[in-house]
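Q: The residues making up each chain are set out below.
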Amino acid sequence: MNCDELRDDYELYALGIAEDPEAGEIRAHLERNCPICVPGVRTARQLTSLLGASAPEVVPPARLRKRVLAVAGGQKASLWNWSPVWAAVAAGALIAAVIFNVRGQRASAELQQAAAQLQQLQAESANQTRELARLNEAFAILNQPDAKQVVFGGAAPQPPRGRVFLDPKRGVLLLASNLPPAPAGKIYEMWVIPKGGAPVPAGLFQSSADGTALHVLPGPVNLAGTAAVAVTVEVAAGATVPNLPPVFAAAL
Amino acid sequence: MIFAPQSCIFRNSAFNRIPKLMLPLLLAIEFGENDADLVRRLQRRDPRAMAELYDRYGRLVYALILRVVRDGGIAEDLVQETFLRVWNRVQGFDAERGGLGAWLLAVARNRAIDYLRSAAGRMRNAVEVPETDHPALFADMEKELFNSDRVRRVRTALEKLSANQRAVIELAYFEGLSQAEMAERMKQPLGTVKTWVRTALKSLRDELGTAVIA
Chain A
1 MNCDELRDDY ELYALGIAED PEAGEIRAHL ERNCPICVPG VRTARQLTSL LGASAPEVVP
61 PARLRKRVLA VAGGQKASLW NWSPVWAAVA AGALIAAVIF NVRGQRASAE LQQAAAQLQQ
121 LQAESANQTR ELARLNEAFA ILNQPDAKQV VFGGAAPQPP RGRVFLDPKR GVLLLASNLP
181 PAPAGKIYEM WVIPKGGAPV PAGLFQSSAD GTALHVLPGP VNLAGTAAVA VTVEVAAGAT
241 VPNLPPVFAA AL
Chain B
1 MIFAPQSCIF RNSAFNRIPK LMLPLLLAIE FGENDADLVR RLQRRDPRAM AELYDRYGRL
61 VYALILRVVR DGGIAEDLVQ ETFLRVWNRV QGFDAERGGL GAWLLAVARN RAIDYLRSAA
121 GRMRNAVEVP ETDHPALFAD MEKELFNSDR VRRVRTALEK LSANQRAVIE LAYFEGLSQA
181 EMAERMKQPL GTVKTWVRTA LKSLRDELGT AVIA
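Listed in order, the protein sequences are those of chains A and B.
So that you can map any letter, position 129 of the first sequence is 129 in the numbering used here, and since no number is skipped, the others follow by simple counting.
So that you can map any letter, position 156 of the second sequence is 156 in the numbering used here, and since no number is skipped, the others follow by simple counting.
Just so you know, the hints here were simulated from the structure itself, not pulled from any lab data.
Nothing here was measured: the structure is a model prediction, and the numbers come from that model.
We put the beta carbon where it would ideally sit given N, CA and C, even for glycine.
One should not assume that every hint holds.
With beta-carbon atoms standing in for the labels, derived distance ranges [to be verified]: (1) Arg44(B) <-> Val241(A): 40 to 50 Å; (2) Arg153(B) <-> Gly197(A): 54 to 64 Å; (3) Arg153(B) <-> Gly238(A): 54 to 64 Å; (4) Glu207(B) <-> Pro35(A): 23 to 33 Å; (5) Arg70(B) <-> Glu5(A): 35 to 45 Å.
According to the in silico footprint, chain A covers these stretches of chain B (three or more CB under 8 Å from chain A) [unchecked claim]: (6) 54-67; (7) 151-157; (8) 166-177; (9) 192-201.
Isolated chain A, as found in the complex:
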């Protein structure tokens, strides 16, 4: 089909409701960088994008901003950029103290203080590195178009709810809300329950003060052989078998 015949289907294509053969033809024109269809579809995408701005206006809850900023590490995340700098500064101070330190107790105290600061910064940096790695694992699972998604929760009044994403190569991602922090001395434990088998421990996690939680079990997972993913409350050290009924379970 030529471009003139496809022109009236650009908006349908941008909306995702074009049908074959037109949809296939437009896709082919775009793939070969057609000088007419590429800008035509782009304009159509702009038009359909604007439809999104026509949704009824609402003010999102204030907590949502905190949740979104947590994606990027929020306030703490700013240390991801700066902590290496401060660590380097502290290390420089330490070296300077060694080189230029000349006298006794006072210098020794400063040295100890600088070392403590360095240790603290290194600990913070390590925590942030672990958090970043966890988020990257979550991203990897979330970005798989073939990942299986299971929704749980939704009953009255406000039980935990959310979604579980399972990717056979990358693992299991749990996103939950309405999940209050576990009681003191307790922790949440995720379980992957095989079909006809005993629950397998899938990691410990704690929810945040606003009741949201993100937990990742990295590594391959047998989708066909999995019956459900569940969460229980366990002692802080975790358990090898669930000791209480699940707080929630997502059946595949």
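Assemble chain B onto chain A, guided by the hints.
A: Structure of chain B alone, referenced to chain A:
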């Protein structure tokens, strides 16, 4: 004959409502730091850029997702997922050429429709949704697409559509229904629905003229 849908979404059409809260948002979009600078800072993993991205588009994204899923809690989860995905994929976005707002809304819409399909047991990613939010698709788009004048013109154009034309556009955009699914939902012949869709889109195109041409 005018189709008389039972669902309140048609009677209380999103497109019929007068914006009350949009002005501050649009002013923020129009007069804030430009999107290209914001994208570059996101690509440098500056968490403060994420805060600015949310302040600029968060309300728009939340409104869109809430319109689709109609549940505040679920909408919050999906907004978080939307920004998570953008944060993760922003390296593939062309700061100089890309339309950030359009990309963000495409990601938001896809997350929300994906959820609807998943919750309804419909096959995930059944239509063309998966590829419609790839960052490369937003190259050479108008960078500040959501300025107040343009949004106002689109709203006006939508208000001029007939009830049935608006209904099919809403079902396509906010619910991700195919034309066959719309026909089933509206209990109308497929040919009739296709005519409504085409005439609605043509009217929008004619009304808006060059408003959406970068």
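Q: Taking the hints in turn, state whether each one holds.
A: Evaluated hints:
1. Arg44(B) <-> Val241(A): 40 to 50 Å: Holds, since Arg44(B) and Val241(A) (Cβ atoms, about 46 Å apart) stay within the stated range.
2. Arg153(B) <-> Gly197(A): 54 to 64 Å: Holds: the Cβ-Cβ distance is about 60 Å, inside 54 to 64 Å.
3. Arg153(B) <-> Gly238(A): 54 to 64 Å: holds (58 Å)
4. Glu207(B) <-> Pro35(A): 23 to 33 Å: holds (26 Å)
5. Arg70(B) <-> Glu5(A): 35 to 45 Å: holds (39 Å)
6. 54-67: holds (count 10)
7. 151-157: holds (count 3)
8. 166-177: holds (count 6)
9. 192-201: holds (count 3)
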